[in-house]
Amino acid sequence: MAKVTISLDAELVVEVMVLAGVGNPQDAVELVVRDHIQRGHRTEARVAARDEVLREVDGKPRDIEG
Numbered sequence: 001m002a003k004v005t006i007s008l009d010a011e012l013v014v015e016v017m018v019l020a021g022v023g024n025p026q027d028a029v030e031l032v033v034r035d036h037i038q039r040g041h042r043t044e045a046r047v048a049a050r051d052e053v054l055r056e057v058d059g060k061p062r063d064i065e066g
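Taking our numbering, the leading residue of the sequence shown gets 1, the next gets one more, and so forth.
Think of the hints as simulated: they come from the structure by calculation, not from any bench.
Check before you lean on any hint, since a few could be wrong.
Derived CB-CB ranges, DEER-like [said to hold, decoys possible]:
| # | residue 1 | residue 2 | range |
| --- | --- | --- | --- |
| 1 | Asp27 | Arg55 | 36 to 44 Å |
| 2 | Ala2 | Val22 | 35 to 43 Å |
| 3 | Ser7 | Arg55 | 43 to 51 Å |
| 4 | Arg39 | Val13 | 54 to 62 Å |
| 5 | Val53 | Val18 | 34 to 42 Å |
| 6 | Val22 | Arg55 | 37 to 45 Å |
| 7 | Gly21 | Met1 | 21 to 29 Å |
All residues carry an ideal CB built from backbone N, CA and C; glycine is no exception.
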């Protein structure tokens with residue numbers, strides 16, 4: 001996998017290390033980024049499932065009240 005080097009504020013990285021419980025800055029930031037990506041995928045999956053249910057409801061014939 002290709003690597004990218006970036007500069008971050010030291011206080012930000014230290015806070016990430018504390019919250020992640022990791023002593024290595026690289027590992028801490030990588031964990032946070034991976035968690036963010038996974039959370040996004042879970043959200044997308046929930047939204048897709050909800051949209052599918054709504055499509056099924058909209059696709060059913062409606063009873064006409066008269």
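Please name the hints from earlier in the document that this structure breaks, with their numbers sorted from lowest to highest.
-> The structure breaks hints 2, 4; every other hint is satisfied.
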